[in-house]
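Asker: Given chain R, work out where chain Z should sit, using these hints.
Protein chains in written order, with the working numbering: chain R, 2 to 644; chain Z, 2 to 644.
Among these hints, one or two may not hold up.
The list makes no distinction among identical chains, and a pair is therefore deemed to hold if it is satisfied within one copy or across any two copies.
Simulated pairs of lysine to any residue, SDA-like, Cα-Cα distance not exceeding 20 Å [stated by the list, open to error]:
#: 1; residue 1: Lys587; residue 2: Leu296
#: 2; residue 1: Lys171; residue 2: Thr266
#: 3; residue 1: Lys176; residue 2: Arg588
#: 4; residue 1: Lys417; residue 2: Leu398
#: 5; residue 1: Lys30; residue 2: Pro63
#: 6; residue 1: Lys171; residue 2: Cys585
#: 7; residue 1: Lys248; residue 2: Thr221
#: 8; residue 1: Lys97; residue 2: Gly160
#: 9; residue 1: Lys565; residue 2: Ser212
Simulated from the structure, these hints should not be mistaken for lab results.
There are 2 protein chains.
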Amino acid sequence: MIVSALLTSVGINTALCVLFFTCYSILRKQPSNYKVYVPRLLAEGISKRKKRFNLERLIPSPDWVAKAWTLSEEELFSLAGLDGVVFIRTITFCLKIFTFAGIIGILVLLPVNCWANQMQEFDVTDFADNSLDVFTISNINSGSNWLWVHFCAVYIVTGFICLLLHHEYKYIASKRISHFHSSKPQPHQFTILVRSIPTSSSCSVSESVESFFKEFYPSTYLSHVVIRHTSKIRSLLEARAAFVFFKSRYGAATASHMQLSVNPTQWITEPVPEPRDVYWPFFFESFMRRWISKLLAIVATTFFTISFLIPVVIVQGLVNLNQLEVLFPSLTSILTIKFVTQIITGYLPSLILQLFLKVVPPVMRLISSIQGYISNSNIEISACNKVLSCTIWNVFLATVFSGSVLTQLSLILDLKSIPWKLAVSVPAQASFFITYVVTQGWTSVLSELFRIIPLICSLISKPFTSPEHEIDVPSIPYHRDVPRVLFFGLLGITYFFLAPLILPFLLAYFCLAYIIYRNQFINVYAPKYETAGKYWPIVHNTMIFSLVLMQVIAMGSFALKKLKPASAWMLPLPVLTLLFNEYCRKRFLPVFIAYSVERIYKQVKTKIPLLTEELLLNVAMHQDKKTKSFEREDGEQEKTKRI
Amino acid sequence: MIVSALLTSVGINTALCVLFFTCYSILRKQPSNYKVYVPRLLAEGISKRKKRFNLERLIPSPDWVAKAWTLSEEELFSLAGLDGVVFIRTITFCLKIFTFAGIIGILVLLPVNCWANQMQEFDVTDFADNSLDVFTISNINSGSNWLWVHFCAVYIVTGFICLLLHHEYKYIASKRISHFHSSKPQPHQFTILVRSIPTSSSCSVSESVESFFKEFYPSTYLSHVVIRHTSKIRSLLEARAAFVFFKSRYGAATASHMQLSVNPTQWITEPVPEPRDVYWPFFFESFMRRWISKLLAIVATTFFTISFLIPVVIVQGLVNLNQLEVLFPSLTSILTIKFVTQIITGYLPSLILQLFLKVVPPVMRLISSIQGYISNSNIEISACNKVLSCTIWNVFLATVFSGSVLTQLSLILDLKSIPWKLAVSVPAQASFFITYVVTQGWTSVLSELFRIIPLICSLISKPFTSPEHEIDVPSIPYHRDVPRVLFFGLLGITYFFLAPLILPFLLAYFCLAYIIYRNQFINVYAPKYETAGKYWPIVHNTMIFSLVLMQVIAMGSFALKKLKPASAWMLPLPVLTLLFNEYCRKRFLPVFIAYSVERIYKQVKTKIPLLTEELLLNVAMHQDKKTKSFEREDGEQEKTKRI
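In isolation and in its complexed conformation, chain R is listed as follows (with noise of 0.2 Å):
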């Protein structure tokens, strides 16, 4: 790829950017289209729906860019909540890395590329005719002493990432944990699920948790509701689970963590999750049916990764001229049309790979709810996972080995020439890489802001639906935009050495990203249901990754331009990033699992919850919503009551 032909691809992007900034500035000032650009605003009464036609309305405002950019952490904890917080704290925390890595990338590698021991002429006089590759490590002669300059670098930013990384775990586990301290005390905090009770003919399960409790648990246990299943089949199983309600959230926290039976496989426990976070649907009594979802679960999502690719390669075999022409004879004028071939045959199986890659977050997010979750935000961390590895395997890995499902499984099995091969594929990628970020990056936080789809339903329902008609507030699905971020993530660290062009691209991205993220926090998502930061450890397990990926790169790199020292004197770092990442396992994740004693008694001193049996019955009613109901401890069994 020449230097040119970028400039083509940013120019359009470019261009595309503006007018979807112009046409948003217009259309959110659209009375019918504020069900689609401000339902956050609308359903909180803030924006009213105005009738009245006046010409400010036609004429595109940046008001909204200024709003998003001034919006303080304190108002976006507040909006969107500790999750909120994490994922706009991901993307600058990228920014910040970018930024550092961009102005060594800049200022030294990229002059460094360009006219150290050159195998291929720079120049100067036609700029936009040099290839792309005169930008990168490639230009660089074999055994040249400049390539010591990228080993530093290799070594300056990863010192600068871990830090950055131990500084922001550091910064969000103390949000965590004055969140968990300044709220309130939920009733579900007070409350556990147990399954597998085990029951004997004698006594029912009711009889059962109540003994059980009582004689293990006589100072803390308050009471507690068996759950039973509603459906007209399953009515007549009486089901081995019950919620179990403790006098304090000690009590509770207590009898969630320390193994109850002497059979692991029984008395069970977990914590409850907020009524509005709980799902019901795939709700396993028994220990066997969930451990046999959850391995059904990962044996879907390593069969659907694996084969990711398979359909696409298909459908892009299939598109090929021949067979269109035989399938709908009347096109054949039109295919024989240059500009129509090369539009179908370039760009088509591109674009064929996007819409497939647009169905991994529901399916993956299906995955997860089958597994035996029975919390929305659980499925969605697990989704979060799923996702991204499937991103990486089948975007990064497809696209650098360009082979075969067999052929990457071969290479991924054969671990000792991975740095080799690697170092070999990823750099000749660069140039692809970069329009990645200029295509798809931009335009998908481009469409983020425009929410097409949303626009386009709202413009087909519109005929069949009330003015007045309920607003829909949508909460973020960041099991789609936290993979999506952290891949690009993964790209820049990857390619800040091997073709450091590529950071300006990906810097814009994420200021695109910043100031669409939280224009969207205020006006379009509310939080449903949250997590209090658990997706940060996953941010932080990716760059980890990312690091590590970048440093076995760069080891091959400095190899395969025979530079053994350099490449002898990289083995360390991996080994310092991995046990910097074990360091900060142990240092701030059991924050993330659970809240500790002393966390747990300071926030009961502070304000002295008032719990009555009542109000914990409630939860666990409202918990019901779906498909269970509820019998009392004492046998008489009560309507399920909708909340």
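Answerer: The following block gives chain Z in isolation, referenced to the frame of chain R:
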């Protein structure tokens, strides 16, 4: 290797066995050897030192075999604790599986190997001149359908072993629970050790501990003692660790299970070992020092394991005759004798390897001890794992691949060619490992019976010790003996379908081990501390590893023999085996990690403990025996009592 050579080796070793048994039967009756052969009985006062000579003492008698044979499991339990029971059950477990595999191997696989599609004729007329390869899978033609017999055998034996593993895990878990149930409540169960106590200038460690536990465990906290360093240099430091005593075992268990502090690297808790089990020298009070020492231990173990063969190879290289002749010119005449030359070149290298292998258990124990464990039992468990992996790596893999360290590493790193390479190399070493079982296996267990080193030590030290000198009853070094037994189990499982001829010799080994170790438990060893069956998960994991290794070799063998369908249908077996292992981890492993609430409570109910603060302090004092002293929580420092 030909059959006659094997028969010679077996003949010599059988004769050695008879000789050792006879010598032992006589020597054990000599009062001067009581300290070596019956120290346990001597210490318990059951065997009196008879001074009077009688003729019976010179006649070998097999009564000790009968005694060892008839020992019941209850008696064994009372003699050697649950660990002894687990050790003997490991041997009987191997006896059971190799009897089953032996029946299939000798009655089905061996005839198939000898007569079906033979490449090499099995010469019935001159049995002794047949090569041992006639009895192995190598003798079967490529593509022969007789290989399906081996295929079925692999499936059947895997199923049998898994069934038996499940049964044993269940039995030992129940034994562990009932052992806990029937034993008296021990003061150390009411105690936890707290490290990394945060201090401030305003309050001392003692005040800090008291205020923390009085605040968060008001109902169960009893008292505490702060740990102090007594060595001269360290005495100025005030250590940030303490014993905390609770009113109930449940209180102690809760505190040691929950994360106490908001900062996960502070207020780190762990259960306290039995006083007799405590090991102080490498006690680290801070999180970081403990973590670093653990990392150093991992590095040291890896380095030792990988580079273990280097000195052996160097020494083997030195042992060539020319160099010896240069070093010791006087030996020239002796070295020209053919027999001496054969001994030096053939036997010496293997002897050196064996001597180096003897060094492994103490070295690994040393590494484990500096890792920061505070109990001997944990050190031994950790050392057991290290010795096991070192043995498998250096004896099995080094023999099979017989290459340098780097060759071995590169083999391991190329994952996809492992089955193929194993299938080529493992059957080639069949005759080596058959003789290994006969020579090393049988002699190792006989030397255990004969206790050569203690015997020599006793003979040397006799003139300098008074006859009434205190008797030192040793405890069995499980970290040396468990890996040894398990390694022979691994050999049996991997070779049973490749070379079924190994099985009779293995059965003989396990029969010897069964009798001899039971005898040693009666006469020699007394447990100093115990893990209450924690060695069983190691046994289980090694068996699963052996099974998967065997299945991978089978997969490679069938592919090598050009029976692709058999190779492909072998694929589900390791997956199923690993799933079975995962199930067992969930079902049984928690029992070996912590005691459940149900069990802790039930035991309290059956026997109400009479614990005074004084008694608890005694525990702490006892644990302090070696390097620490204590400060009462009122700040008054006490002298260390020696109990």
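Asker: Now look at each hint and say whether the structure bears it out.
Answerer: Status of each hint after checking the structure:
| no. | hint | in the structure |
| --- | --- | --- |
| 1 | Lys587 to Leu296 | between (28 Å within a copy, 14 Å between copies) |
| 2 | Lys171 to Thr266 | between (36 Å within a copy, 13 Å between copies) |
| 3 | Lys176 to Arg588 | within (15 Å within a copy, 37 Å between copies) |
| 4 | Lys417 to Leu398 | both (17 Å within a copy, 19 Å between copies) |
| 5 | Lys30 to Pro63 | within (12 Å within a copy, 102 Å between copies) |
| 6 | Lys171 to Cys585 | within (9 Å within a copy, 37 Å between copies) |
| 7 | Lys248 to Thr221 | both (5 Å within a copy, 17 Å between copies) |
| 8 | Lys97 to Gly160 | within (13 Å within a copy, 57 Å between copies) |
| 9 | Lys565 to Ser212 | neither (70 Å within a copy, 59 Å between copies) |
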